[in-house]
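Visitor: Here are the chains, one letter per residue:
There are 2 protein chains.
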Amino acid sequence: MTITLKDIHEAAQRIKPYIHRTPVLTNKSLNEKVGANVFMKCENFQKVGAFKFRGASNAVWSLTDEEAKLGVCTHSSGNHAQALALAAKMRGIPAYIVMPNNAPQVKKDAVAGYGGQITFCEPTLEARESNLERIKNETGANVVHPYNDERVIAGQGTATLELLEEIPDLDVIIAPVGGGGLLSGTAIAATETKRGIRVIAAEPEMADDAFRSMKEKKIIPSENPKTIADGLLTSLGTLTFPIIQERVEQVVTVSESAMIESMKFIWERAKIIIEPSAATVIAVLWEKKIELTGLKVGVILSGGNVDLGKLYW
Amino acid sequence: MTITLKDIHEAAQRIKPYIHRTPVLTNKSLNEKVGANVFMKCENFQKVGAFKFRGASNAVWSLTDEEAKLGVCTHSSGNHAQALALAAKMRGIPAYIVMPNNAPQVKKDAVAGYGGQITFCEPTLEARESNLERIKNETGANVVHPYNDERVIAGQGTATLELLEEIPDLDVIIAPVGGGGLLSGTAIAATETKRGIRVIAAEPEMADDAFRSMKEKKIIPSENPKTIADGLLTSLGTLTFPIIQERVEQVVTVSESAMIESMKFIWERAKIIIEPSAATVIAVLWEKKIELTGLKVGVILSGGNVDLGKLYW
Numbered sequence: 085m086t087i088t089l090k091d092i093h094e095a096a097q098r099i100k101p102y103i104h105r106t107p108v109l110t111n112k113s114l115n116e117k118v119g120a121n122v123f124m125k126c127e128n129f130q131k132v133g134a135f136k137f138r139g140a141s142n143a144v145w146s147l148t149d150e151e152a153k154l155g156v157c158t159h160s161s162g163n164h165a166q167a168l169a170l171a172a173k174m175r176g177i178p179a180y181i182v183m184p185n186n187a188p189q190v191k192k193d194a195v196a197g198y199g200g201q202i203t204f205c206e207p208t209l210e211a212r213e214s215n216l217e218r219i220k221n222e223t224g225a226n227v228v229h230p231y232n233d234e235r236v237i238a239g240q241g242t243a244t245l246e247l248l249e250e251i252p253d254l255d256v257i258i259a260p261v262g263g264g265g266l267l268s269g270t271a272i273a274a275t276e277t278k279r280g281i282r283v284i285a286a287e288p289e290m291a292d293d294a295f296r297s298m299k300e301k302k303i304i305p306s307e308n309p310k311t312i313a314d315g316l317l318t319s320l321g322t323l324t325f326p327i328i329q330e331r332v333e334q335v336v337t338v339s340e341s342a343m344i345e346s347m348k349f350i351w352e353r354a355k356i357i358i359e360p361s362a363a364t365v366i367a368v369l370w371e372k373k374i375e376l377t378g379l380k381v382g383v384i385l386s387g388g389n390v391d392l393g394k395l396y397w
Numbered sequence: 085m086t087i088t089l090k091d092i093h094e095a096a097q098r099i100k101p102y103i104h105r106t107p108v109l110t111n112k113s114l115n116e117k118v119g120a121n122v123f124m125k126c127e128n129f130q131k132v133g134a135f136k137f138r139g140a141s142n143a144v145w146s147l148t149d150e151e152a153k154l155g156v157c158t159h160s161s162g163n164h165a166q167a168l169a170l171a172a173k174m175r176g177i178p179a180y181i182v183m184p185n186n187a188p189q190v191k192k193d194a195v196a197g198y199g200g201q202i203t204f205c206e207p208t209l210e211a212r213e214s215n216l217e218r219i220k221n222e223t224g225a226n227v228v229h230p231y232n233d234e235r236v237i238a239g240q241g242t243a244t245l246e247l248l249e250e251i252p253d254l255d256v257i258i259a260p261v262g263g264g265g266l267l268s269g270t271a272i273a274a275t276e277t278k279r280g281i282r283v284i285a286a287e288p289e290m291a292d293d294a295f296r297s298m299k300e301k302k303i304i305p306s307e308n309p310k311t312i313a314d315g316l317l318t319s320l321g322t323l324t325f326p327i328i329q330e331r332v333e334q335v336v337t338v339s340e341s342a343m344i345e346s347m348k349f350i351w352e353r354a355k356i357i358i359e360p361s362a363a364t365v366i367a368v369l370w371e372k373k374i375e376l377t378g379l380k381v382g383v384i385l386s387g388g389n390v391d392l393g394k395l396y397w
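Residue numbers (my numbering), protein chains in the order written: chain U, 85 to 397; chain S, 85 to 397.
To be clear, the hints were calculated from the coordinates, so they are not data collected in a lab. As the structure is a prediction and not an experimental result, all values here were calculated from the model. Be careful, since some hints might not be right.
Heads up, the list lumps identical chains together, so a pair's fine if it works in one copy or across two of them.
With a Cα cut of at most 20 Å, we get these calculated DMTMM-like pairs of lysine to aspartate or glutamate [to be verified]:
#1 K220 - E249
#2 K112 - D149
#3 K373 - D253
#4 K394 - E345
#5 K348 - D391
#6 K394 - D314
#7 K299 - E330
#8 K302 - E340
Generate the whole structure from the sequences, applying the supplied hints.
Guide: Right under this line is the structure:
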């Protein structure tokens, strides 16, 4: 099944009443520092603090009333769980979330706070998948995968539609890559809306499975990644990888220190809170591994969920 | 001399090309937490990271070309020094800044970075004033006081014009009070634009000179205040106090812990960086010392300049 620009436009219409249209911010100090004109699409201001709410909302509101009644389900320990729980709550349907029992208390509380019905399991992929399968069979709920799902990919692409509506003459768009949902949605929306626009992925060096997958032309699983960008630990999906191969110019890896420096710079100068995963896109500009001088560069600041108790500097 | 709404409108026109029109943000979690509809005027996104740039710009651009050639001068260790230096730089004129030699290095660097010509002196009010007097006599530069100056007060009031343009039906506006420049500009702009609007000042309990001044009907100097709100240490001025007496309903004092909790909440939930002085306005809602339930409350988030090396929680 192919995801088209039409799917993303339909997603945008579908989720419009429920999501925030997030602002596009610029910052003079940042532009001077990196030598480019940077336009920051602030998904850190999105509901639940991350772009994930777009894809989850599109999945939830794509269901027929009959399907919706039975609810949605997923396994996730992160932002997707919160996003799906809130989207389901807004439609008034149940959300069944399988979470590993070692998930941080703050995330468990957040999912429960949005009305998600949590099933705890052992922290292995097998336990998560088998519990999800059981819940799906018991409830008839619709499974919404965090990234390997057409509805989710189309939903994530809506951020780029909004960005290009405001800044139509971007030369480049940079998005972070974990499982590839945001990146593939971004890539379809960008390249189908504007011929010749370059799409670049930002990935931590310490979790460089997408970089290696592109090189080897097959999905290389992420193995034991150790990065502060805790939103980018997963491997590419069977749906997202081909889209990325087709439409993304390259994956640029960034160091942990560049992420930390970029993140601090954005907090200090732009006065907004971004999480490490979001800082990867600034870090690409920061480290100047590729030449972007003088270009108009859109970046997707994917989220702003950080633990303010432990800072990285 | 009386400052009128017309002065503030003229200031707004004068400084419009140079300042940021800052956004007005809302946050559902905050509204639920405090039980009011809160509209945050984000002067933390203003140039130099604080509303101070409005007043400084209005002063600088009010000068005739002849006056301007000789430059501007002030004594300040804080945001006003940076604001005046940048405003002067944008007009291409000199700014002479007297700073106490114990000012933090980061502030010295910032003023120098904006092209301010710094004279260091002993950290006493006498040394600061005598050095300023000498520089004024030597250079002919125009003195721009941080708050006790009509041009500065009118400039600070422009934030409220913008806020009321976007949200005309506010019931209340809350602004922090230190020297009273922001508060008096806010009060004139608000009460002259909208009959019956309530203007409330937020002040740290640990620096409650404005609260006491209102009670005693005379300016009580701030003595050795110990608060994390380092922008609110100064005493009221002879120009600002009468305006505040006439137009501000009351000064509400807030605890240090309420400021810290409010600040953390805004960082975590609204994903924006505010400084302790700005958190006072949220703290008024947080502590619920006065009844604002269900009202539409505008708050001026005065600035976002914090040292990310030392957090307060």
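Visitor: If a hint holds in the structure, say so; if it does not, say that too.
Guide: Hints, verified against the model:
no.: 1; hint: K220 - E249; in the structure: neither (39 Å within a copy, 51 Å between copies)
no.: 2; hint: K112 - D149; in the structure: neither (48 Å within a copy, 28 Å between copies)
no.: 3; hint: K373 - D253; in the structure: neither (23 Å within a copy, 51 Å between copies)
no.: 4; hint: K394 - E345; in the structure: both (15 Å within a copy, 16 Å between copies)
no.: 5; hint: K348 - D391; in the structure: both (14 Å within a copy, 11 Å between copies)
no.: 6; hint: K394 - D314; in the structure: within (14 Å within a copy, 24 Å between copies)
no.: 7; hint: K299 - E330; in the structure: within (13 Å within a copy, 71 Å between copies)
no.: 8; hint: K302 - E340; in the structure: neither (25 Å within a copy, 56 Å between copies)
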